[in-house]
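Trainee: Listed here are the chains, written in short residue letters.
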Amino acid sequence: GDSVTQTEGLVTLTEGLPVMLNCTYQSTYSPFLFWYVQHLNEAPKLLLKSFTDNKRPEHQGFHATLHKSSSSFHLQKSSAQLSDSALYYCALSDRGFASALTFGSGTKVIPCLP
Amino acid sequence: VTLLEQNPRWRLVPRGQAVNLRCILKNSQYPWMSWYQQDLQKQLQWLFTLRSPGDKEVKSLPGADYLATRVTDTELRLQVANMSQGRTLYCTCSETGGDQDTQYFGPGTRLLVL
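Each protein sequence line maps, in turn, to chains A and B. Numbered per the working numbering, the first sequence spans residues 1 to 114. Numbered per the working numbering, the second sequence spans residues 1 to 114.
Chain A extracted, bound-state conformation:
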């Protein structure tokens, strides 16, 4: 079946420096990939999603590139902010099952304390 792997459970960010969260997937088909973000005591909400035409989605300074050859959809931001601290989920949707997202285990992003 489909699966999503987020290898880092915890990532620290330093304000002004780049941050990257890894996401790889396995799917029978060619799925759509999503990044959802969940701030403390809030519900998850969409951050960005892949396009069919290989455009690179961007939102709030975050971007992700779908690489079908390596089955990856890593999330990056060139200059992190403290407000980016949250739980980030990579997810995929399978063509066979509309609305049924398969989520990775999530990556918690916290500030790096000096």
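Just so you know, not all the hints are guaranteed correct.
What the hints assert, rightly or not - Now the stretches of chain A that chain B is said to cover, found in silico as 3 or more residues with beta-carbon under 8 Å: (1) 43-51; (2) 80-93; (3) 101-114.
Just so you know, the hints here were simulated from the structure itself, not pulled from any lab data. Beta carbons are placed, not taken as given, at the ideal position from N, Cα and C, and that holds for glycine.
Since the structure of chain A is provided, determine the placement of chain B on it from the hints.
Mentor: Quick look at chain B alone, frame taken from chain A:
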């Protein structure tokens, strides 16, 4: 703009007792409604997608049994039974049910086991 209301927002559930949750859709442009669970380890998992009034589905997962019902075009219900571990249940809605659809999450219902 709030698309979904969920009630109750939290509930203490005595072991062995069932609890009924409601989700109300505030915008009929997003008629595909689903339930997701988030366990204590923050893992998100799709449970059901119900599009039409009268649709019903059941599912048993580790830690809880579920019965979902699409009551009307705007109301989705979930009965949770035999819950052994706490969890948060999220109602979602989407526009087309397609695999590119954004899932919009409700505020969630947190269930704690007594």
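Trainee: Where does the structure disagree with the numbered hints, that is, which hint numbers, in rising order?
Mentor: The structure breaks none of the hints.
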